[in-house]
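Trainee: Starting from the given sequences, assemble the full structure and let the hints guide the process.
These are the residues of each chain, in order.
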Amino acid sequence: MSRVKTAAMSSSERKAYYLNRLYMILPVISVLLLLLLWTTASLNSDFPSPVETWNRLIELFERPIKNKTIIGHTLASLTRVFLALAFNWTFGIAFGILIGWNKKCRALFTPLFNAFRAVPPLAWIPLITMWFGIGEFPKALTVIIGSIAAVVVNTQAGLSNVQQIYLDVGTMFNANVRQKLFQIAIPSALDAIFAGVRTSTSAAWMVVLAAEMLGAKSGVGFLITRGMDSMDMPLVLMSMAVIGIVGAMLAVVTQFAERLICPWTRKRSN
Amino acid sequence: MNAEKQDYKVVVKNLTKYFGDLHVLDNISFNIRKGEFLCVVGPTGCGKTTFLNLLTRIYTPTKGDLYIDGKPADPKKHNLAFVFQEPSAMPWLTVEQNLRFGLEIKKLSKKEIDERVNEIISLLGLEPFRKAYPHQLSVSTAQRIIIGRAFAMNPDLLLMDEPYGQMDIKLRFYLEDEVIRLWKKLGSTVVFITHNIEEAVYLAERILILTNKPTTIKEEVIVDLPRPRDVTSPEFVEIRKHVTEQIKWW
Chain A
1 MSRVKTAAMS SSERKAYYLN RLYMILPVIS VLLLLLLWTT ASLNSDFPSP
51 VETWNRLIEL FERPIKNKTI IGHTLASLTR VFLALAFNWT FGIAFGILIG
101 WNKKCRALFT PLFNAFRAVP PLAWIPLITM WFGIGEFPKA LTVIIGSIAA
151 VVVNTQAGLS NVQQIYLDVG TMFNANVRQK LFQIAIPSAL DAIFAGVRTS
201 TSAAWMVVLA AEMLGAKSGV GFLITRGMDS MDMPLVLMSM AVIGIVGAML
251 AVVTQFAERL ICPWTRKRSN
Chain B
1001 MNAEKQDYKV VVKNLTKYFG DLHVLDNISF NIRKGEFLCV VGPTGCGKTT
1051 FLNLLTRIYT PTKGDLYIDG KPADPKKHNL AFVFQEPSAM PWLTVEQNLR
1101 FGLEIKKLSK KEIDERVNEI ISLLGLEPFR KAYPHQLSVS TAQRIIIGRA
1151 FAMNPDLLLM DEPYGQMDIK LRFYLEDEVI RLWKKLGSTV VFITHNIEEA
1201 VYLAERILIL TNKPTTIKEE VIVDLPRPRD VTSPEFVEIR KHVTEQIKWW
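Line by line, the protein sequences give chains A and B. Number 171 in my numbering belongs to position 171 of the first sequence; there are no gaps in the numbering. Basically my numbering = 1-based index in the second sequence + 1000.
Just so you know, these hints were derived from the structure itself, not from any lab. Worth double-checking, as some hints may not be accurate.
[What the hints assert, rightly or not] So these bits of chain A aren't anywhere near chain B, every CB distance computed over 12 Å:
(1) Ser10
(2) Leu32
(3) Leu43
(4) Asn44
(5) Ser45
(6) Ala107
(7) Leu122
(8) Leu141
(9) Tyr166
(10) Thr171
(11) Lys180
(12) Ile186
(13) Met206
(14) Lys217
(15) Pro263
[As the list claims (entries may be wrong)] Calculated pairs, PhoX-like style, for lysine-lysine (alpha carbon to alpha carbon, straight line, at most 20 Å):
(16) Lys1009(B) / Lys1076(B)
(17) Lys180(A) / Lys1106(B)
(18) Lys1077(B) / Lys180(A)
(19) Lys180(A) / Lys1107(B)
Virtual Cβ for every residue (Gly too), placed ideally from N, Cα, C.
Mentor: Here you go:
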């Protein structure tokens, strides 16, 4: 079949055709290599093999931990992430627009904000625990602190780098400041804002796991701690694999959303 | 005297501009008739763009002023449109949305906007690209959006700053004819800045020749040739040579 397809091609076309095939196969090969390496490493040691890890996943469905299967724990983590992101995407973007658009506000807030974002989210945990205990809110707050900077920084950069010519077009049509902000500056900064949304999503997913490892009753981070405490390494590895897969899926979803909301960036992201 | 004054759409009086110590424009005065096509030529770096930016109020003059229909030019009252040298179609808007942009800023009624935009789309043959984004189009089509956006405003004064500077000769000829067609059809008053003398002679009813900085008007040349103009006719070549001589004087 493929010989029929390539028969009429010139040699360089045929080369390009096979190269394209290769690009499709290579990702699969890399996953298979990882599994092979993992299996080999686990053969003569206590390290759990991929099969054991898979079995641990099935077992978790049969005997849930704290009444939750892996799906329940993943949803618990995702809920915290999206609560935090909902806040970040509203207030973070609004604050980014404020300091990106208004020079006075930028001068007023930038030094404080730069100091704030230099402090790692984990450093806040003692204070947050002291103030708010260990419920759901402090976890969401930790995630907010850990992922808001990406949104603010990108939004601010987008707003302060609006090309002068677009604003001049507004001036010429006699647009007022509000029209310039909402019809020129914000739309032209949307791809930068979306870069912030993407980065904040992956940051939030990382921070939530860290937050859950410090005193939670649910979530994928909690599963890792539980696995560590009970020397249940298959559980730890299974959780890590789930974290990786969900993280990758989040990246795909945000990229898809960007293409949907900013169709004009499609060419560039391709 | 009064009747003559009524005939002028735009009156420029003693326009002067300094940037700090740099004297860019020196005491420029001229008038533009309603519906006239005026070309402005001058040596490179003579302040042509500064001159236009003063007309649009992106800059304010140091001295002198610009009157439209007898009143000081004011983007709030007057309808000015500008075609920039650089591509300035909004990348996040489709062709149609780009054409609607200025009209929506001016808050015209939806019916009026629909009518004008549809007219421009059909005049420019942009129907196949109505829903396309600028990055999906060729440079010349993207530039036509900007020209369409400007004409759609039914401007009191349409200012064009070397709009075809980046294009090859074939496209240039094509778009020059197009701009003439739009101008005739819509009766707009146009100020067209260019460094291409042939283009100026091809388009203009009148050419203003500017000097080096500090810029003043060196000469006005009336181009009274029938359209479409033949760039190889002796009269055309004569005017072109004359304008070239005038610019080369320094």
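Trainee: Enumerate the violated hints, using their earlier numbering and listing them in ascending order.
Mentor: Checked against the structure, the hints that fail are numbers 9, 10, 11, 12 and 15, while the rest are satisfied.
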